[in-house]
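**Student:** If you want the building blocks of each chain, they are given just below.
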Amino acid sequence: MKPIQIKPKIRFKYRVDMSFLSDICKYDSLTTFRAKKVMYGNQEYRLDNIFDISNGDKKNLVVKSANSLMDNLGYRLKEISLKVFGDVGDYLGAQMSSGLIEIYGNANDHCASGLKGGIIRVNGNCGDYLGSKPNSSNEGISDGLIYISGNVGNKSLQRIRRGNIIIEGNLGNDACSEMISGSVLIKGKIGHNFANGIKRGTIFTTQKKLAKNYSKSNAAEFNFIKFFINRISNVINRNLFINNRKFIRYYGNKDKENISELFLVD
Amino acid sequence: MIIRLKSGIVYDPTNNIFNRTKDIFIKDGKIINKNNIHGKINQTIDCTNKIIMPGAIDLHTHIGGGKVNIARLMLEEFHDETDAKYDSSSIIAPTTIKTGLKYIEMGYTTCFEPALLPINARQAHAEMADIPFIDKGGYALLGNDDFFLNLLRKKASQSVINDYVAFILKASQSMGIKVVNPGGINAFKFNQRALDVDEKSKYYNITPRDVVTKLARAIYDLGVPHPLHVHCSNLGIPGNFLSTIETIKAAEGMPIHLTHIQFQSYGNNGDRGFSSAAVEISNHLNKVKNLTCDVGQIMFGQTVTMSGDSMSQHKNHKHAHPNKWMCMDIECDAGCGVVPFKYKDQSFVNSLQWAIGLEIFLLAEDPWKVYLTTDHPNGAPFTSYPHLIKLLMDRSFRNDILRELPKDILNHTILHTIKREYTMSEIAIMTRSAPAKILGLSQKGNLSIGSNADITIYDKNIKDIEEMFAHPIYVLKDGEIVVENGKIKKYRWGKTHTVKPEYDKSIEKSLTKFFDKYHTMKLDNYVLSDEEMENMIGSKVYVNECKYKRKQ
Amino acid sequence: MAAQKSYKSMVCPFCSLHCDDLIIETSDNNIRLTQGNPECGKKISRHNINSQSRTSATINKKKTGLTEALKKVKKIIEKKSEVLILNHGTDLSGLRSLLTFASKYHCIIDHITSKFLFQNIGIVQRTGYIATSLMETKNRADTIIIFGNNILKKNPRLLDRILIPDASLCVNPKKKNIILVGSFDKNTINSISRKSNAINVRIKLDNIPDFLKIINNNKSETLRFITKQSLVKINSIIKKSKYLVSTWTASDFSNTKNPEDIISSISKFIVDLNITSRAACMPISGPLADSTSAQALTWLTGFPSRIKYSNNSFKHNRTAYNSEKLIENKQVDTVIHVSNLSENELIMNKNIYNIVLGHPNSKLNIEPDIFIPIGIPGLDHEGIMFRTDNVVSVALKSVRKLKLPSTQTIFNKLI
Ligand code: SF4
Ligand SMILES: [Zn+2]
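Residue numbers (the working numbering), protein chains in the order written: chain E, 258 to 523; chain Y, 14 to 565; chain L, 83 to 497.
Simulated from the structure, these hints should not be mistaken for lab results. Being a predicted model, the structure only gives us computed values, none of them experimental. Every residue gets a Cβ at the ideal spot worked out from N, C-alpha and C, and that includes glycine. A few of these clues could be false.
As the list claims (entries may be wrong) - Straight-line alpha carbon distances no greater than 30 Å define the calculated DSS-like cross-link-like pairs of lysine-lysine that follow:
1. Y:K420 / Y:K403
2. Y:K331 / E:K373
3. Y:K98 / Y:K167
4. E:K293 / L:K161
5. Y:K530 / L:K236
6. Y:K43 / Y:K450
7. Y:K213 / L:K236
8. Y:K473 / Y:K115
9. L:K407 / E:K340
10. L:K124 / L:K483
11. Y:K40 / Y:K508
12. Y:K526 / L:K256
13. L:K339 / L:K236
14. Y:K331 / Y:K213
15. E:K466 / L:K286
16. L:K157 / L:K407
17. L:K479 / Y:K535
18. E:K294 / Y:K115
19. L:K157 / Y:K503
20. E:K513 / L:K339
21. Y:K535 / L:K485
22. E:K266 / Y:K420
23. Y:K518 / Y:K535
24. L:K479 / Y:K508
25. E:K340 / E:K283
26. Y:K98 / L:K495
27. E:K321 / E:K293
28. L:K412 / L:K156
29. L:K286 / E:K266
30. Y:K98 / E:K294
31. E:K321 / L:K162
32. L:K495 / Y:K502
Unchecked claim - A few chain Y positions that, by computed beta-carbon distances, are all more than 12 Å from chain L:
33. L255
34. V292
35. K450
Work the whole structure out from these sequences, hints included.
**Tutor:** Encoded structure:
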């Protein structure tokens, strides 16, 4: 079956909460879904008064002409594949637990906040607070995979517990603070105060200066990394930037309760 | 406007009416005598095959005040009922609006907040004023405040203590007095981590027994209808049934009410050092005159525990689920602790807690002495009452659930051997007439001529008892139909119930001195007047009578 | 004829301590604090009416009657598509009526200092947290750590009334240990040293989390910020302390990189102390009734701020309903500013329709489309407000007769 296409009928001036899309499977028919009431501005609208919604597969959604006023796209998404063309607002894929989000455009703040599983691919830049802690939890991402082709803003990836994050562009300030575990791969530059209070986890970076807080390791057993690279490349559907590159492995300073490892990609 | 409820099956325990078909007439918010009807009947509700009971009364439910609001704030992630009819707040920490809606939809018309800190009274009443439909009231917390403990230490006379208690009732616009972990909350502020009934507090050199004895006596002397409401020492600790029994003795024959007694009926037998002492506790309950209790049944699932007992809540924080919690020391008055918790049906301890609560219900010989509560939300949200009623009325339903629980609890509980099933009449007693009686609400919990027309009408055709109790088809509050065909028909706002025993005003002199020196507030700003209640806080005050005038 | 002077007691609405022991002198509706802290006196007299005060409603700068103005507001609101109510401070009744209005017209609600609120509630919503209140601090605290820089200036009587009072129930107030951590000015440090056993640790506020780690580790190798002697001294004070209180105000941290981290590090420090001893936090909230707003909104909607009424109930979103961004990016077409408590400048965007229910002395960056002067709870009308510790609320009185309407009156007329 073809995917369902969702396209705004009006030019948005005010922010719009798109979390209703994640509930689409709860509706037995698209007719009832289209008749659902949503808020835009201070008015309630039937969904089909402000969006064109085509017929198709409820597990396969495509949002066309998205813009940065659309918040909460893919909020708590479960077992749905969502493709988005255009920029999006805050909280893209927040607390998503499974499925796939792929966007062709930029995501604003709090992208992948509290991600629990599934895959988010952003073909563009991300604002601040990528993978942020939800309001009422003290941990950020607990699992899942994030791929960002562009740059990422400040205060990202705080207290992440698990998950794989690949950033092809630059990463802003205060990233990865108090990281609990997980893997973060950054191709570009990294802002200041990186990985402050990190406990465990794995960092891949091209930035030599980051290695200075770590000790060099002589172990040269990288087979598992190849396996890891392969697996991730498959998931994100493209070659990982560290593919066929050389690494030096570093490990953290136990005294500072840092038992993370860092791979310097040359 | 006269309403006639025609040919309903009436349960009115106070008047010894059980399962009797009769008509009820209502005018101006009251139940009236058929013979006094002049003028025409404006509305008749056909109640054939419908059960009519007085509106239910919850005498222990945490619905307003600082700690409830902390829970609402803390548990934001649960406020996500996106398809909710009214608002998205979670039933374990509902908004005031949702609290009222859910209670009235279940046929509850009067509720009491049991942990009203006098210093927090303005907030607690303001919150409760924003609960629609129901009448409400609170019990003021005493027994951990520095002023009172100072009186005890200085061996103040009973009459001075009585004056202080009466002053607090007036100042905080309360319906009764509750003591939580007597002296223990205060001792925790001095870093004591436990305080047994006869253990001395380090700073004030007093015991929980002293606190209970004096306060129970004060309530009796003042003629306050509701006995001292006690949350005992050592809450939740294995083996605590002994402190519970000692607390009963500490009342020295004065009336007392033990609250959420399920949490107070733990033995420490067995490999895990945790067992049921429901039999021991029930023996006392059945024997001792002037002793009543509510159960505080737990149900499996996510909830949040909130209590004035900062000492025990600080201990419990290790079990917080999700992992966050808060404790607070409050204004030399009391304390509080909020710890989210999930009762798991695969946990030995939680399953046994569930069984102990039911044992207490089923071993109680007199339904006038034991009341149906879950200590909302500590054991479970109040919306689980219909489920609880079914557990009590349907043995096979109960046993089906019991069979799914960890087998080893059967060595420590006799629940599976209890054959008793509650009758409709007994449910009517324990949810209506008995709480009304123990609270001194003469116009509630009964369908006597002149009583408030707070009435719940259930559909007897609904065969599932849980379903029947969950969705009454009509609810009347003060004679107005607020729920019709199970749907909210009309918003209205209840009043606040209080008692105001007389006292010797000279106590206010020493209080003024104490306030000016140590408090951060003036005495006259501390006192809530009836005008403030009505105009600023937003709820009218109804003063219930005390049993008799104070002895001069 | 000389104006009649009279003396009244007053409950102060102008900072979150809400002192209720003030004696004021009023003549011709002018209010003067007769005794007590001169800083408070200044705070209070700022609210007197002067020749610049706007005491009548205006539409497009033109004076008009209240009824006319309200009629216009109603007409506008019914036409507009996205309305933000921005609360700069109002009392409980004001909030209740504001919420009723917002639920009728599906408005967004934010408080002007929500930012600080959210920095503080992280410790309630995400971690363990142990709090205390003003009276506990006054009577039980033997050691107090004050973090920040301007907290004592923002709350003029915090020091004399609460931290180092004349009398305490359980401790000798003359022997309190005060540890200042941050960048306090000389005067503050001196005045504290005179009254107590004071230690000043001068560090950048950004370094508070690291400082607390050093205190915790108690190892001299990792020493930064303080000398070994100070470390030894501070640790022996903390160890001996029976009831330690940490206090701060989030707005002091507004220029730091990670205010929330600073606050959570203080909270964690306190939680850890409670494993063996007693200690608690006492954050001080702001002067614009932020506690009042957070409390009332929480019990009425489940959320403390940044909410919008949509599909039957209030929804919460910290970024989408952030007033600063909404105004800056013109993502609303109307803003109703509600400002009862201060004459602070209201920042408006001229491309948005601006309605101000304002303090008569309000400073305004541009002329709003509609201005309606409103009374001040505690001066012009009664009201209930929450103190910083959230457990105590005070009943404000009316002490002058200017006949300015309350927020509640206004919104009730609009509903
Ligand atoms: S300290 Fe604050 S509340 Fe107290 S008088 Fe001064 S300004 Fe008013
Ligand atoms: Zn309780």
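**Student:** Each of the hints needs a verdict: does it hold here or not?
**Tutor:** Status of each hint after checking the structure:
1. Restraint check for K420 of chain Y and K403 of chain Y: satisfied, since their Cα atoms lie roughly 22 Å apart, inside the 30 Å limit.
2. Under the criterion of a C-alpha separation no larger than 30 Å, the hint pairing K331 of chain Y with K373 of chain E is consistent with the structure, at around 24 Å.
3. Pair hint K98 of chain Y plus K167 of chain Y does not hold up; C-alpha atoms about 56 Å apart against a cutoff of 30 Å.
4. Restraint check for K293 of chain E and K161 of chain L: satisfied, since their Cα atoms lie roughly 24 Å apart, inside the 30 Å limit.
5. Between K530 of chain Y and K236 of chain L, the direct Cα distance comes to roughly 24 Å. Compliance with the 30 Å bound is thereby established for this hinted pair.
6. Taken as a hint, the K43 of chain Y and K450 of chain Y pair is honoured in the structure, with Cα atoms around 18 Å apart against an allowance of 30 Å.
7. Among the hinted pairs, K213 of chain Y with K236 of chain L is inconsistent with the structure: their alpha-carbon atoms are about 42 Å apart, more than 30 Å.
8. For the given pair, K473 of chain Y sits about 21 Å from K115 of chain Y by alpha-carbon distance, which is consistent with the 30 Å threshold.
9. Simply put, K407 of chain L and K340 of chain E have alpha-carbon atoms about 27 Å apart, close enough for the 30 Å limit, and the pair holds.
10. Our distance criterion of 30 Å between C-alpha atoms is met by K124 of chain L and K483 of chain L, whose separation comes to about 20 Å.
11. Proximity of K40 of chain Y to K508 of chain Y is assessed by CA-CA distance (about 19 Å); at most 30 Å being required, the pair is judged to hold.
12. The suggested pairing of K526 of chain Y with K256 of chain L holds, with an alpha-carbon distance near 21 Å, which does not exceed 30 Å.
13. For the proposed pair K339 of chain L and K236 of chain L, the alpha carbon gap of about 22 Å is at most 30 Å, so the pair holds.
14. For a cut-off of 30 Å, the pair hint linking K331 of chain Y to K213 of chain Y stands: about 27 Å separates their Cα positions.
15. Taking the CA atoms of K466 of chain E and K286 of chain L, the gap is about 25 Å. The hint holds against a cut of 30 Å.
16. At most 30 Å may separate the alpha-carbon atoms for a hinted pair to count; K157 of chain L and K407 of chain L meet this at roughly 26 Å.
17. At roughly 13 Å between alpha-carbon atoms, K479 of chain L and K535 of chain Y fall within 30 Å of each other, so this suggested pair holds.
18. For the suggested pair K294 of chain E and K115 of chain Y, the alpha carbons sit about 24 Å apart, so the restraint of at most 30 Å is met.
19. Taking the CA atoms of K157 of chain L and K503 of chain Y, the gap is near 29 Å; set against the 30 Å cutoff, the hint holds.
20. Among the hinted pairs, K513 of chain E with K339 of chain L is consistent with the structure: their alpha-carbon atoms are about 22 Å apart, no more than 30 Å.
21. Between K535 of chain Y and K485 of chain L the CA atoms are separated by roughly 28 Å; this keeps the pair inside 30 Å, and the hint holds.
22. Proposed proximity of K266 of chain E and K420 of chain Y is contradicted: the alpha carbons are some 60 Å apart, above 30 Å.
23. The hinted pair formed by K518 of chain Y and K535 of chain Y meets the criterion: a straight-line CA distance of about 17 Å does not exceed 30 Å.
24. At most 30 Å may separate the alpha-carbon atoms for a hinted pair to count; K479 of chain L and K508 of chain Y meet this at roughly 24 Å.
25. Between the alpha carbons of K340 of chain E and K283 of chain E the distance comes to roughly 19 Å, so the proposed pair stays at or under 30 Å and holds.
26. For the given pair, K98 of chain Y sits about 28 Å from K495 of chain L by alpha-carbon distance, which is consistent with the 30 Å threshold.
27. Of the pairs offered as hints, the one joining K321 of chain E and K293 of chain E holds, with about 20 Å between alpha carbons and a cut-off of 30 Å not exceeded.
28. Restraint check: the Cα-Cα separation between K412 of chain L and K156 of chain L comes to about 21 Å, which is no more than 30 Å; the hinted pair holds.
29. Proximity of K286 of chain L to K266 of chain E is assessed by CA-CA distance (about 52 Å); at most 30 Å being required, the pair is judged violated.
30. Between the alpha carbons of K98 of chain Y and K294 of chain E the distance comes to roughly 14 Å, so the proposed pair stays at or under 30 Å and holds.
31. Of the supplied pair hints, the one linking K321 of chain E and K162 of chain L holds, its CA atoms being roughly 28 Å apart against a limit of 30 Å.
32. For the suggested pair K495 of chain L and K502 of chain Y, the alpha carbons sit about 25 Å apart, so the restraint of at most 30 Å is met.
33. With a cut of 12 Å on Cβ distances, L255 of chain Y stays outside the contact zone with chain L, its closest approach being about 28 Å.
34. With 12 Å as the threshold on Cβ separation, the claim that V292 of chain Y sits away from chain L holds: the shortest Cβ distance comes to roughly 37 Å.
35. Against the 12 Å criterion, K450 of chain Y stays outside the reach of chain L, whose nearest CB is about 31 Å from its own CB.
The structure does not agree with the numbered hints 3, 7, 22 and 29 stated previously, though it agrees with the rest.
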